[in-house]
Amino acid sequence: MSDTKTGSAAKVDPKLLEILVCPLTKGLLRYDAAAQELISDQAGLAYPIRDGIPIMLVDEARTLDADTAHPTHSHPAGGHSSKTAGH
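With this note's numbering as the guide, the letters of the sequence shown map in order to residues 8 to 94.
Quick caveat, the hints were computed from the structure, so don't treat them as lab data.
In this text, a Cβ means the ideal position worked out from N, Cα and C, and glycines have one as well.
Treat each hint with caution, since some may be false.
Derived Cβ-Cβ restraints for the label pairs, each shown as a range [stated by the list, open to error]:
1) Ile60 to Leu31: 27 to 33 Å
2) Lys22 to Thr70: 27 to 33 Å
3) Ala42 to Asp66: 15 to 21 Å
4) Asp72 to Glu25: 25 to 31 Å
5) Ile60 to Gly34: 17 to 23 Å
All chains, full assembly: derive it from the sequences and hints.
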């Protein structure tokens, strides 16, 4: 029997990450694997990922502070995008 709720973070489907956008701004998200969050720099919000499921509700999102708004080590959630985001 396998238990999906182990001590390690559940993986998020990469194809899902490619199609998700911020529900507030409709902008691109970047995946923070260490924090298990999807970050919307445009909205200044971090959406939590629980048991491998992104919680895309503004009410559940954490507000970013100035230090975490634009870290240099993170990458877009999908790794690449067919849309341009004005970067």
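Going through the hints against the structure:
1. Ile60 to Leu31: 27 to 33 Å: This hint is violated: roughly 19 Å between Cβ atoms.
2. Lys22 to Thr70: 27 to 33 Å: Hint holds: Cβ distance 28 Å, inside 27 to 33 Å.
3. Ala42 to Asp66: 15 to 21 Å: The hinted range 15 to 21 Å holds for Ala42 and Asp66, with Cβ atoms some 19 Å apart.
4. Asp72 to Glu25: 25 to 31 Å: Since Asp72 and Glu25 have Cβ atoms about 28 Å apart, the given range 25 to 31 Å holds.
5. Ile60 to Gly34: 17 to 23 Å: holds (21 Å)
Taken one by one, the earlier hints fail for this structure only at number 1.
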